[in-house]
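Just so you know, the sequences run in chain order A and B. In case it helps, our numbering puts the first sequence at residues 493 to 846. In case it helps, our numbering puts the second sequence at residues 261 to 552.
Careful, some of the hints might be misleading.
[Claimed, not checked] Below 25 angstroms or equal to it, Euclidean Cα-Cα: the simulated DSS-like pairs (lysine-lysine) are:
no., chain 1, residue 1, chain 2, residue 2
1, B, LYS451, B, LYS375
2, A, LYS810, A, LYS840
3, B, LYS451, A, LYS598
4, A, LYS568, B, LYS451
5, A, LYS596, B, LYS451
6, A, LYS598, A, LYS568
7, A, LYS588, A, LYS672
8, A, LYS596, A, LYS568
9, A, LYS662, A, LYS672
10, A, LYS588, A, LYS598
11, A, LYS568, A, LYS588
12, B, LYS451, A, LYS588
[Said to hold, decoys possible] Label pairs and their in silico Cβ distance ranges:
no., chain 1, residue 1, chain 2, residue 2, range
13, A, ARG559, B, TYR380, 42 to 52 angstroms
14, A, ASP510, B, LEU385, 45 to 55 angstroms
15, B, THR379, A, ARG704, 31 to 41 angstroms
16, B, VAL290, A, LYS662, 50 to 60 angstroms
17, B, LEU347, A, LYS598, 36 to 46 angstroms
18, B, VAL482, A, SER561, 52 to 62 angstroms
19, A, LYS662, B, SER450, 49 to 59 angstroms
20, A, PRO532, B, TYR380, 34 to 44 angstroms
[What the hints assert, rightly or not] Derived coverage of chain B by chain A (criterion: at least 3 residues anywhere in the stretch with Cβ under 8 angstroms from a Cβ of chain A; other residues may be distant):
no., region
21, 428 to 440
22, 456 to 463
Keep in mind the hints are simulated off the structure, nothing from the lab. Here a beta-carbon is modelled for each residue, glycine too, at the ideal position from N, C-alpha and C.
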Amino acid sequence: MARVEYDDVTKQFLGQQDRAAVDHLTLDVADGELLVLLGPSGCGKTTALRMLAGLEYPDSGDIRIDRRSVVGLEPKDRDVALVFQSYALYPHMSAKDNIGYPLKIKRMTEAERDRRVTRVAEMLGLGTLLDRRPARLSGGEQQRVALARAIVREPRVFLMDEPLSNLDAKLRTHTRTELKALQRQLATTTIFVTHDQAEAMTLADRIAVLDRGRLLQLGTPDELYNRPVSLFVAQFIGSPPMNILAAQVRDGTLVAEGVWRLPLGRRVDATEVSLGIRPEAIALSEPSADAQAAEVLVSEPLGSETIVNVKLGNALVKVRAAPHVRPDAGATVHLRADPARMTLFDAKTGAALP
Amino acid sequence: MTTRAQTAGRQAAARRREGTWIEAVLAHLVFAAVIVFFLAPFVWLLTAAFDADAQAYIRWPSQLTLDNFVRVFTEHDFGRALANSALVAGLTMLLDVVAVSLAGYSLSRMDLRFKSAITYGVLLLQTMPLSATMVPIYGLARAVGLRNSYLGLILIHAAIELPFLIWLMKGFFDSVPRYLEEAAWLDGRSKLRALVEVVLPVARNGIGVVAGLSFLAAWAEVLMVIILVDRQDMFTVPLAFYQVLRTRGGYTEVQYGMVAAMGVLYLVPVMVIFFATRRMMVRGLLSSARGL
Numbered sequence: 493m494a495r496v497e498y499d500d501v502t503k504q505f506l507g508q509q510d511r512a513a514v515d516h517l518t519l520d521v522a523d524g525e526l527l528v529l530l531g532p533s534g535c536g537k538t539t540a541l542r543m544l545a546g547l548e549y550p551d552s553g554d555i556r557i558d559r560r561s562v563v564g565l566e567p568k569d570r571d572v573a574l575v576f577q578s579y580a581l582y583p584h585m586s587a588k589d590n591i592g593y594p595l596k597i598k599r600m601t602e603a604e605r606d607r608r609v610t611r612v613a614e615m616l617g618l619g620t621l622l623d624r625r626p627a628r629l630s631g632g633e634q635q636r637v638a639l640a641r642a643i644v645r646e647p648r649v650f651l652m653d654e655p656l657s658n659l660d661a662k663l664r665t666h667t668r669t670e671l672k673a674l675q676r677q678l679a680t681t682t683i684f685v686t687h688d689q690a691e692a693m694t695l696a697d698r699i700a701v702l703d704r705g706r707l708l709q710l711g712t713p714d715e716l717y718n719r720p721v722s723l724f725v726a727q728f729i730g731s732p733p734m735n736i737l738a739a740q741v742r743d744g745t746l747v748a749e750g751v752w753r754l755p756l757g758r759r760v761d762a763t764e765v766s767l768g769i770r771p772e773a774i775a776l777s778e779p780s781a782d783a784q785a786a787e788v789l790v791s792e793p794l795g796s797e798t799i800v801n802v803k804l805g806n807a808l809v810k811v812r813a814a815p816h817v818r819p820d821a822g823a824t825v826h827l828r829a830d831p832a833r834m835t836l837f838d839a840k841t842g843a844a845l846p
Numbered sequence: 261m262t263t264r265a266q267t268a269g270r271q272a273a274a275r276r277r278e279g280t281w282i283e284a285v286l287a288h289l290v291f292a293a294v295i296v297f298f299l300a301p302f303v304w305l306l307t308a309a310f311d312a313d314a315q316a317y318i319r320w321p322s323q324l325t326l327d328n329f330v331r332v333f334t335e336h337d338f339g340r341a342l343a344n345s346a347l348v349a350g351l352t353m354l355l356d357v358v359a360v361s362l363a364g365y366s367l368s369r370m371d372l373r374f375k376s377a378i379t380y381g382v383l384l385l386q387t388m389p390l391s392a393t394m395v396p397i398y399g400l401a402r403a404v405g406l407r408n409s410y411l412g413l414i415l416i417h418a419a420i421e422l423p424f425l426i427w428l429m430k431g432f433f434d435s436v437p438r439y440l441e442e443a444a445w446l447d448g449r450s451k452l453r454a455l456v457e458v459v460l461p462v463a464r465n466g467i468g469v470v471a472g473l474s475f476l477a478a479w480a481e482v483l484m485v486i487i488l489v490d491r492q493d494m495f496t497v498p499l500a501f502y503q504v505l506r507t508r509g510g511y512t513e514v515q516y517g518m519v520a521a522m523g524v525l526y527l528v529p530v531m532v533i534f535f536a537t538r539r540m541m542v543r544g545l546l547s548s549a550r551g552l
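Here chain A stands alone, though its shape is the one from the complex (with noise of 0.2 angstroms):
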């Protein structure tokens, strides 16, 4: 049980002059929450994990778990497990042996030991496989070995450096449903790091989105989604993306890409203008005064769902449509869009604008 906090966090790296690998990171981790770090590789992620085990230093600011910095301690010393991309499992050590490692160094009795390792194995059904080398399991297997040897322990905090990249796709996403049930029951602070907003927006209790080593926006799922502060956390953020369209301000109306007039209803400074609109937030209708024509440039069927690709100005735009949707290419079809659900951001710094 542990709250962690970044205090004003800055890491640069030797030889990486230019930028910072994490600048000035402020974040606090509620007790039993699961935080995601989300963001492109080389965002800071995960040299921002890495500073939290206690595997690089921070240049300046301080780290606390509980309230106590641990910017100093050894890794030993900070009472925190990761779970590594590459599972790093022990190669010379049975599954068994690996996951008892931890318990060994706290000179646990055999008995003792051998009781905690047996119900994580059984937790995360690892019962029949204890006796294998890591070679003789497959990545699944070693990544649930991993995940048991982070378990047994108990620790305060737990790290996870995309444990799931490994796996495909299937075994992925069912991991990942598992992880989230696992965390609801042990109530350890987590912090996990991955580049997949999919990942991020399924796990996470709140996500913090990094860009070249500084943190974008930090809030749930649903903020981030729906309130994105910028252009790259709204791009960065659904699947499929959010539709970005040049747009002017003119005489409180909104014009995007110089053809689809949209009702703006607030004041906006700017006049230059990028639009964003969510896939689900613009509806095909039938013809009217205020639905805009557009060419239909493919279908894409789901089964769950449709997204119909249109041609707009010079932009395509992806809208999300029923399942039995499935308007020809060539054909016109009519947009309307959610006033409620448009998101405006100035073209020039990509902030989102108030």
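Given chain A, work out where chain B should sit, using these hints.
Chain B in isolation, oriented as in the chain A frame:
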């Protein structure tokens, strides 16, 4: 359909691959010559050692005997020399393994200032001809009382091989992923114990190679033994050889049978070590080559 040109082309290619029969015969002759050249000394050792009247050339023993083996132990105390060699080589190996593990790990993992200079400096030491250091080593050993001493021999033998072995071991450590020891640190181990319990077992092929090379080098070393040892009970095997060569006062009458018997006994441990560890050696050297 296959055209005639294609068939001809294929035949030509096959000829290029296999060569003509003359080339094959020549190649085999060359190989045979090389093998004879390298095997001849061993054949001589084996035949002469069991020959009651051994000569300086290869021949089938005039009379098969074990007499030569008995005499090296009774007349020359060869057992003592073997024990001395085994002791010195064994402890040299232990010292090298410990020192090389620590130094190689540091060079592989730590962010040291001047790391590149240190790393290449180590290699530079290896290029220094040993004979150039003979006189200072003699003087130094005499000054600190390390002549005619096991400790002196062990220290100098361990030091001679150290630079090369450090480089070799650094390569092995480079091929062990860092996250393994990081996992051990997070599991609660200190850096030193993580090295001993996780990194070294994973790099065990490398340790095997280092141990083997260190033992064999110390086992075979002559020059330093000559300058550091003159007491007969401290003689290692190479000095015992020398003793047999000059047995008869003013005349150098070589007793080939005993020399050969000593040679066989000298080779046996080397062969045993090689065959016991050859898989480990090959695997280790291959992984080192990949790691470098």
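Task: Violated hints, by number in ascending order, as checked against the structure - done: 14, 19
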